[in-house]
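Numbering (our numbering), first residue to last: 889 to 1107.
Calculated directly from the structure, the hints in this document are not laboratory data.
From a predicted model like this one, the values you see are computed outputs, not experimental measurements.
For glycine and all other residues, C-beta sits at the position ideal for the given N, C-alpha and C.
Among the hints, erroneous ones may be present.
Label-pair distances were calculated between CB atoms; the ranges are [as the list claims (entries may be wrong)]:
#1 Ser1039 to Ser995: 33 to 43 Å
#2 Thr1048 to Asp985: 22 to 32 Å
#3 Glu966 to Leu917: 25 to 35 Å
#4 Pro937 to Ser1018: 30 to 40 Å
#5 Pro1067 to Thr928: 20 to 30 Å
#6 Ala915 to Ser1039: 17 to 27 Å
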Amino acid sequence: MTSKLRLGVQLLTLGSTIAGITAPAHAELILAYDSSNSATGAVASEWWPGVVTMPLVRGEGLSPGTGGTFNSSGWTEEPTDYLEWGWSSSQPINLSDLDLRYDRSSSGPAVVDIQLSVNGGAFQSIFHDSDVNVSGEDNFDIDLSAFTSVSSAAFRLFGTGASSGAGTFDIEPLSGVSPARGIVVNGSVAAVPEPSSFVLASLAIGCLGLHQLRRRKTA
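Turn these sequences into a full structure, and let the hints steer you where they fit.
In structure tokens:
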């Protein structure tokens, strides 16, 4: 094997090794809303620094309700009767799960369907609740693991089966969660090379080059 070919093989091996030195991906809170009521939309209460958040808003078919939690009326099964939230990110995210808590009035929507659109694609159902509890219910760990490399996401919660347009539905704080959160989206940010990897790469390549130079001088 010639010295040039040997050097190429060594550099290729070194590059492959360094490529594997990355920061491990781990589950993180991507986005959360604390369920505070707002007539115009509730801003996110927490988010991963790499995302640009969307407020929690009502579709045009809904009206703000009263009270301290995010309450809405006007659930008449029109296409614009939904709650929406989401974000965009410059770095792809692998989603893991969704947590949320909600309740309804006795005449509010008895059925909930949550849909998700990622990267500008079509909305698809990710969760269906055919019997919404009037007293409220926590829904933890709704599986989102099928959605990977997500650079933008929009969730829509549709409510049907209300016996009156005056019936209400609201997002409430999850039980046992502090700080207060009504909606939480979790995921894993894609692994990136550790800064130390680049330092190691520079040192290793420098040493390899020095070794080859010495070999040439002694040859």
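Do the hints match the structure? See the list:
1. Ser1039 to Ser995: 33 to 43 Å: holds (40 Å)
2. Thr1048 to Asp985: 22 to 32 Å: Roughly 24 Å apart at Cβ, these two residues keep to the hinted range, so it holds.
3. Glu966 to Leu917: 25 to 35 Å: holds (33 Å)
4. Pro937 to Ser1018: 30 to 40 Å: Taking Cβ atoms as reference, Pro937 and Ser1018 lie about 38 Å apart, which means the hint holds.
5. Pro1067 to Thr928: 20 to 30 Å: holds (22 Å)
6. Ala915 to Ser1039: 17 to 27 Å: holds (18 Å)
In the structure shown, no violation is registered for any of the earlier numbered hints.
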